[in-house]
Amino acid sequence: MSHDHGNVLPSYLKVFFTLMALTLLTVAAAKLVHFPDVAFIPGYVINIAVGLAIAVVKVTAVMYIFMHLKFDNPMLRFFVYVPVFLFVVLSFALNILEKWTYHH
Amino acid sequence: MSSALNLSHEPVTKIASGKLTMWAFLASELMFFSGFFGAFIVLRNSNYEVFKAGSEQLSWVLALVNTFILIGSSLTMALAIYHLERQNTKLFRAFMGLSILGGFGFLIVKYFEYSAKYHHHLFPGQEEHTIFFSFYFLMTGFHAMHVIGGMIPMAYMLFRSYGKGGYPYPVKVETLGLYWHFVDLMWIFIFPALYLIFP
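Protein sequences appear in the order of chains G and L. If you're matching positions, the first sequence starts at 0 in numbering that gives the first Met the number 0 and goes up one per residue. If you're matching positions, the second sequence starts at 0 in numbering that gives the first Met the number 0 and goes up one per residue.
The hints are simulated quantities; they were obtained by calculation from the structure and are not laboratory data. Beta carbons: idealized from backbone N, C-alpha and C, even for Gly. Each hint should be verified, as a subset may be incorrect.
Chain L stretches covered by chain G per the calculated footprint, using a threshold of three residues with CB under 8 angstroms from any CB of chain G [as the list claims (entries may be wrong)]: (1) 41-48; (2) 77-85.
Residues of chain G placed beyond 10 angstroms of chain L at every Cβ, according to the derived structure [to be verified]: (3) Ile47; (4) Gly50; (5) Lys69; (6) Glu97; (7) Trp99.
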């Protein structure tokens with residue numbers, strides 16, 4: 000039950016302030032910055048990618064520190080990895096099917 | 000002979016069984032929300048203008064406030080667990096109370112947001128932006144229900160902690176904490192998806 004991983008309080012606070020800062024950064028990146036097109040990638044796609052990347056960093060911090068994935072049995076991580084993998088497959092599959100069906 | 004019927008821990012993994020179950024539940028919750036996000040991505044790409052116009056009707060400032068509230072509530076939940084494991088009942092009560100208050104704050108902001116949408120006739124079944132607002136109400140609505148669903152056992156644990164010896168089951172609070180962080184985690188994705196990614 001009680002598992003001591005040293006003092007976790009500093010890392011809780013660190014995660015908290017990181018999450019706050021990254022939230023402001025997401026808003027700033029979405030509302031103030033309009034990325035230019037890079038090669039064949041349109042600027043708005045870079046905007047979305049940046050927002051998504053920040054969200055992934057935030058969620059990883061929440062899961063590994065607040066939800067103790069970093070300290071607990073590594074087996075628990077599969078409860079995250081598997082659904083995330085399925086979600087990525089699902090999104091890509093749906094998008095590609097939709098494109099094939101309606102745009103060809 | 001040692002007791003043969005100690006079922007509180009699975010013998011090999013050493014994970015409390017309630018916690019393991021919560022993780023399995025959260026994995027299924029992740030897939031539940033994945034369905035929304037998957038459909039959202041596809042329909043957004045094929046109805047970009049409608050989604051963009053709909054998203055512009057939302058107040059990202061209110062959503063930002065709510066993000067701060069939820070992150071704060073996640074922190075206080077982690078601190079509540081920390082202090083309960085060290086048998087510091089007073090601080091446990093304080094931080095658990097703050098976490099519940101965070102939930103209330105979130106719902107109050109949500110109430111103002113929803114009533115503004117209702118006044119401006121921005122909901123499914125109206126003429127404009129219908130598909131976007133279907134997603135908006137489904138995703139934020141299910142999320143808000145999750146917030147309410149978390150607050151009920153949290154209030155119960157806070158109430159029980161006023162009994163003799165404080166709240167006696169730290170693992171249960173830890174398990175509920177997992178759920179509460181998950182609610183925060185879902186919001187971290189919903190916030191940019193609905194409010195921000197339409198430049």
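**Hints the structure fails to honour** = 3, 4 and 6
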